[in-house]
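The residues making up each chain are set out below.
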Amino acid sequence: MSYGLQAENPSGGLVMSADGMGMVYLGKASFVQNEAAPDFAFYFGTNVQFKRYRITTTAAIVLPFLALSANICGVAKVEPNATYWDFVVFNQNTSNVCQPLDIYCFVPPSSAPAWGLALYRADGTLSHALGGSRPLMFSGLADFPASTYTRTVPSLTIPAVLGFSSGYIDPSWVLVDPESGFWRADGYVQGFKLTGTTLYRSQIRFRVGDLYEFEVGTSPGSDDYTAIPCTAYLIDANGLT
Amino acid sequence: MAFGVQVLDAAGTIVFDSNTAFAGVPADFFTVSQLAAGVNKTYPEFAGRTMRIVTLDISGSAGIYTIDYALGYPRLIVPAAGIVSPTVVVMA
Chain A
138 MSYGLQAENP SGGLVMSADG MGMVYLGKAS FVQNEAAPDF AFYFGTNVQF KRYRITTTAA
198 IVLPFLALSA NICGVAKVEP NATYWDFVVF NQNTSNVCQP LDIYCFVPPS SAPAWGLALY
258 RADGTLSHAL GGSRPLMFSG LADFPASTYT RTVPSLTIPA VLGFSSGYID PSWVLVDPES
318 GFWRADGYVQ GFKLTGTTLY RSQIRFRVGD LYEFEVGTSP GSDDYTAIPC TAYLIDANGL
378 T
Chain B
-16 MAFGVQVLDA AGTIVFDSNT AFAGVPADFF TVSQLAAGVN KTYPEFAGRT MRIVTLDISG
44 SAGIYTIDYA LGYPRLIVPA AGIVSPTVVV MA
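As given, the protein sequences belong to chains A and B, one line each in that order. Each residue of the first sequence is one higher than the one before, counting from 138 in this note's numbering. Each residue of the second sequence is one higher than the one before, counting from -16 in this note's numbering.
Certain hints may be false.
Looking from chain A toward chain B, a few residues come up when the C-beta cut is under 8 Å (computed) [stated by the list, open to error]: (1) Ala144; (2) Asn146; (3) Met153; (4) Met158; (5) Met160; (6) Val161; (7) Lys214; (8) Leu267; (9) Val313.
Calculated directly from the structure, the hints in this document are not laboratory data. By construction, the Cβ of each residue, glycine as well, lies at the ideal position given by its N, Cα and C atoms.
Given the sequences, and given the hints that come with them, work out the whole structure.
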């Protein structure tokens, strides 16, 4: 580090640094409406319903932690605005119906606390405000290597995960029109679910019946993002209201 | 506690403890408008640390961005094409 204070855990991992962003708890995002799952590729197909949540803040960055359960959850779309951030999320049960969930939002501190400890970066900007709102502390970290779908995580009272997800097209392509090169596939999204202390990265279908056009005589290949590594950061949201 | 940093709230409850915290400090973030294609970012202040990328939403298409340490400190490689994620967080 270049400046100030840092702390490590017993295994040498960095847990606090004046060079970083000392996020503090802001509150839960509020439910806005149900809406069709976002379709960034604008392919043809029928989308399932997801849920839009909103947190009012002028912060430059908001980290959303989604309460984990047996449902498959994740953030499908982030929409930053000047005075609020929206998250279109999925939390699908086994019938692929989006269930309500708690989203715990952390933001960088906007001012030094009235008491406690403030840390600043080398450029003089506020890094940590310890003593006001609850600081972000990770209570679990799960690295998913490529093509790995389960990891064991600590037992937490109210586990919540930072919302990674990735798009995914069913590699089981069906050639529906050889003369025009049309192939059909369904769209899937990856999310997290928790059973006991086993964290799964699972997939759920969010778009049905996409049509893709490829050059006649060619194959679309596979779009399987499960072969890509990802990392889940967990918190214990117990006490956050 | 034997060593380290603890933070207590007004009620005396421990809300941060460096003995039990898992590694991870948010170091940087960007939205698509804040990042130019093909322009890498470097983090010399986090030399010696492993950094990770968290894409927050579906369009992140994880794997577009990579971290390397060829300079002796973490460097985020941004491809010249394919910048699609609105919000990405870099963790130290």
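Checked hints:
1. Ala144: Interface hint status for Ala144 (chain A): holds (4 Å vs cutoff 8 Å).
2. Asn146: 5 Å, holds
3. Met153: Holds: closest Cβ of chain B sits about 6 Å from Met153 (chain A), inside 8 Å.
4. Met158: 4 Å, holds
5. Met160: 6 Å, holds
6. Val161: 10 Å, violated
7. Lys214: Holds. Min distance 5 Å.
8. Leu267: Hint on Leu267 (chain A): holds, closest Cβ of chain B at ~5 Å, below 8 Å.
9. Val313: 25 Å, violated
The earlier numbered hints that this structure contradicts are 6 and 9.
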